[in-house]
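Trainee: Modelling step: build the complete structure from the supplied sequences, incorporating the hints.
Protein chains: 2
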Amino acid sequence: MKMERARIQGKQDRQEERCMVRKENITAVEHLGGGKGTAYVHHIISKEEFLGHGRMYAKVVLPPGTSVGWHQHVHDTEPYYILKGQADFIDNDKSVTKVGPGDCCLIEVGQFHSLENNSDEDVEFMALIYNEKGFLYE
Amino acid sequence: MKMERARIQGKQDRQEERCMVRKENITAVEHLGGGKGTAYVHHIISKEEFLGHGRMYAKVVLPPGTSVGWHQHVHDTEPYYILKGQADFIDNDKSVTKVGPGDCCLIEVGQFHSLENNSDEDVEFMALIYNEKGFLYE
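Protein chains in written order, with my numbering: chain Y, 156 to 293; chain L, 156 to 293.
Check each hint, because a few of them may be wrong.
Since copy identity is lost for identical chains, a pair holds within one copy or between any two.
Unchecked claim - Using 25 Å as the maximum straight-line C-alpha spacing, the simulated SDA-like pairs for lysine to any residue come out as follows: (1) K191 <-> E293; (2) K191 <-> E204; (3) K202 <-> G240; (4) K239 <-> D277; (5) K249 <-> D275; (6) K178 <-> S274; (7) K178 <-> G224; (8) K253 <-> G207; (9) K202 <-> H228; (10) K249 <-> G207; (11) K239 <-> K288; (12) K288 <-> E185; (13) K253 <-> V184; (14) K178 <-> S250; (15) K288 <-> D277; (16) K288 <-> P219; (17) K202 <-> G220; (18) K178 <-> H226; (19) K288 <-> E203; (20) K249 <-> G265; (21) K178 <-> D275; (22) K239 <-> R173; (23) K202 <-> L291; (24) K191 <-> Q227.
No wet-lab data here; the hints were simulated from the structure. Model, not experiment: these values are computed from the prediction.
Mentor: Rendered as structure tokens:
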């Protein structure tokens, strides 16, 4: 009887389950994507928590003089969304565009990009890597 | 000959195609998710650009006294990532947690949540809505 009550109580607890509120997971990454210096990646969800649709969602902080290296997205894409600072976005055709808060840098699946902080202040941007059309991780 | 050159040139232009750098698309939304007042949604990509994996990716600005209403995510999930300010996160079990910069509020598929700005300053957060496991939009 006591056990049965405990079982029912357990079930009700699960129905009333809370979401998870937690701190971002900050990692220092040397030469991010082959870039210069140390970038700080503030992970929001893990790859598993992306439920098969992508592999990264994070805020990235690039201190002055650092960069994300020139890299290709073969089976996924990664729009950058600039939150803070002034950066140089190096496009798939190697042209350079100055970008700042509110700018969105989109690439198509298969294209290359990089981002450089050649300024005196931190650059902060959101990085979201999701899969090409029709592709899901197991 | 001239046309052939133009055709080849055209092809090379496409191979050297640039990514797209553009401004965020800001929309004022009354009663977001059934909430109070006017929220400002800074859209980064469109649903089509999410390639079937989700339906929204945006920075949301909640002025003082406004909120995102209590709403459920049936076939998707929406982690909040707080960028700025202090907000009240209302969880699936209706418990309230004070959240600030760097906090991640995760919900499982099927759960409810809302977010209120009961402070005197703007709250800014990232909203990303992606699908449940195995589900893709056409």
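Trainee: What label fits K288 with P219 when the C-alpha limit is 25 Å: within, between, both, or neither?
Mentor: neither (35 Å within a copy, 39 Å between copies)
Trainee: My question is about K202 and H228: at a cut-off of 25 Å on alpha-carbon distance, are they close within one copy, between copies, both, or neither?
Mentor: So K202 and H228 pass the 25 Å test inside a copy (16 Å) and across (20 Å) alike.
Trainee: How do K178 and G224 come out at 25 Å by Cα distance, when the copy is not named: within, between, both, or neither?
Mentor: between (27 Å within a copy, 23 Å between copies)
Trainee: At 25 Å max between alpha carbons, let me know whether K178 reaches S274 within a copy, between copies, both or neither.
Mentor: For K178 and S274, only the inter-copy Cα distance (21 Å) is at most 25 Å; the intra-copy one is 29 Å.
Trainee: Between copies, within a copy, both or neither: which fits K249 and D275 at Cα up to 25 Å?
Mentor: within (23 Å within a copy, 44 Å between copies)
Trainee: Evaluate K178 and D275 at a C-alpha cut-off of 25 Å and name the case that applies: within, between, both or neither.
Mentor: For K178 and D275, only the inter-copy Cα distance (23 Å) is at most 25 Å; the intra-copy one is 28 Å.
Trainee: Reference check for the pair K191 and Q227, CA-CA at most 25 Å: within, between, both, or neither?
Mentor: within (17 Å within a copy, 43 Å between copies)
Trainee: Could you figure out if K202 and G220 sit no more than 25 Å apart (CA to CA) within one copy, between two copies, both or neither?
Mentor: neither (29 Å within a copy, 35 Å between copies)
Trainee: Measure nothing new, just compare the shortest in-copy and cross-copy C-alpha distances for K239 and R173 to 25 Å and report within, between, both or neither.
Mentor: between (33 Å within a copy, 23 Å between copies)
Trainee: Is it within, between, both or neither when you check K249 against G207 at 25 Å Cα-Cα?
Mentor: neither (31 Å within a copy, 29 Å between copies)
Trainee: Since the copies are identical, ignore which copy is meant and state whether K249 and G265 lie within 25 Å (CA to CA) inside a copy, between copies, both or neither.
Mentor: Cα proximity of K249 and G265: one copy only (14 Å, versus 44 Å across).
Trainee: Taking 25 Å as the upper bound on the Cα-Cα distance, should K288 and E185 be classified as within, between, both, or neither?
Mentor: Cα proximity of K288 and E185: none, with 31 Å in one copy and 32 Å across.
The structure fails hints 1, 2, 3, 8, 10, 11, 12, 15, 16 and 17 (numbered hints given earlier, in ascending order).
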